[in-house]
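Student: Please build the complete structure, drawing on both the sequences and the hints.
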Amino acid sequence: AIKRIDRLLGNRNLHREKDAIYKWHASFITRANPFPVVLVDWSDVREQLRYMTLRASVAVKGRAVTLYEQAFEYKNYNSPKSHQYFLDKLQTLLPEGCTPIIVSDAGFRNTWFRQVANKGWFWLGRVRGEVSIKCGDAPWQWNKTFYPQATDKPLFLGESQLARRSPITCFAYLYKSQPKGRKPHRHSRTCQKHSAGKVFHKGAKEPWLLVTNIPNQVLNGVKITRLYAKRMQIEESFRDLKSPAYGLALRHNRTRCTNRIDILLLMALMAEIIMWWNGLIAMQAQWHYDFQANTIKHRRVLSIPRLGKEVRCHRRYQIKGSQYHWAMVEYQRLTHTCGLGEL
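So that you can map any letter, position 70 of the sequence shown is 66 in our numbering, and since no number is skipped, the others follow by simple counting.
Some hints could be false.
[Stated by the list, open to error] Using 30 Å as the maximum straight-line C-alpha spacing, the simulated DSBU-like pairs for lysine-lysine come out as follows:
| no. | residue 1 | residue 2 |
| --- | --- | --- |
| 1 | Lys57 | Lys316 |
| 2 | Lys172 | Lys149 |
| 3 | Lys293 | Lys115 |
| 4 | Lys176 | Lys201 |
| 5 | Lys19 | Lys(-1) |
| 6 | Lys130 | Lys140 |
| 7 | Lys14 | Lys130 |
| 8 | Lys14 | Lys71 |
| 9 | Lys179 | Lys130 |
| 10 | Lys71 | Lys19 |
Calculated from the structure, these hints are not laboratory results.
Tutor: Set out below in structure tokens:
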């Protein structure tokens, strides 16, 4: 079995046809939606050797469905050349006439925004760190000088210029959500003082300074903040991919070639699609009640892909071909209606 997988990862025909599979899936989930909300982010797939993957996905019901992703060596991480190559490839995969709204985190800066805008697409990002911004006729100011004005009601700062050295025109919004009262649940001995917790805590408390090229007349401040809030869904899908406990355990792979990692990512996408179909069938058959406490009847506890994974592991849940046909149509309907329709 190990040798068969080894031959599959090195199969040249599969490497040539990989983009055709991504193109089919992208058309399947976006062809009826002219403005899909596409989440883009980096993640590491080999923590020891620092191989990175850049993913574009569509926000759907609390999870992000992968459109396209590609592995890069760490030396190409977050570089304009990698970003341009990725956007060019994504453009060839999307249906003709599709104008996505690219949502990215604070790691993507003006160069990225220009690359997206040059495609004729819309972009939305967050400003963090030390970045200067000029709102209207006001003088240049550091982004953190606006933070004391932030409230739980989005504040429109008007048409602005971002970054003094190489400014880009955008529309800026300021927002700070109400505290959610979350508590750290790391192990008291091993991980309670981990530095990552402090970084995440600081980022969660910091207000959002959002910038976009979408005019305020098209999407107001409330819709812009709701749109950016969907970005966390791609982090959940990364956990589904890498986590040994909750996902497909990709972080255990020992592949040293980015081309072979690309095939592993393609296989993960195929598995993800099947889990989505199984999960939708389980919801329609009300099997999801078997995987949660009897006292919870008003909502589904598990995500749809995780529910599909659990159903696949139990033989007593038999799925017919007609149910899969229904699941394919329902999966397509969800991906087409989610996004701007939920704002």
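Student: Evaluate each hint against the coordinates.
Tutor: Comparing the hints with the structure gives:
Proposed proximity of Lys57 and Lys316 is supported: the alpha carbons are some 24 Å apart, at most 30 Å. The straight-line distance between the Cα atoms of Lys172 and Lys149 is roughly 8 Å, inside the 30 Å bound, and the hint therefore holds. Between Lys293 and Lys115, the direct Cα distance comes to roughly 46 Å. Violation of the 30 Å bound is thereby established for this hinted pair. Simply put, Lys176 and Lys201 have alpha-carbon atoms about 10 Å apart, close enough for the 30 Å limit, and the pair holds.
For the hint pairing Lys19 with Lys(-1), the CA-to-CA distance comes to about 29 Å; that is within 30 Å, so the pair holds. Of the supplied pair hints, the one linking Lys130 and Lys140 holds, its CA atoms being roughly 13 Å apart against a limit of 30 Å. The hinted pair formed by Lys14 and Lys130 fails the criterion: a straight-line CA distance of about 44 Å is larger than 30 Å. Proposed proximity of Lys14 and Lys71 is supported: the alpha carbons are some 24 Å apart, at most 30 Å.
For the suggested pair Lys179 and Lys130, the alpha carbons sit about 37 Å apart, so the restraint of at most 30 Å is broken. Straight-line distance between C-alpha atoms of Lys71 and Lys19 comes to about 28 Å, which keeps the hinted pair within the 30 Å bound.
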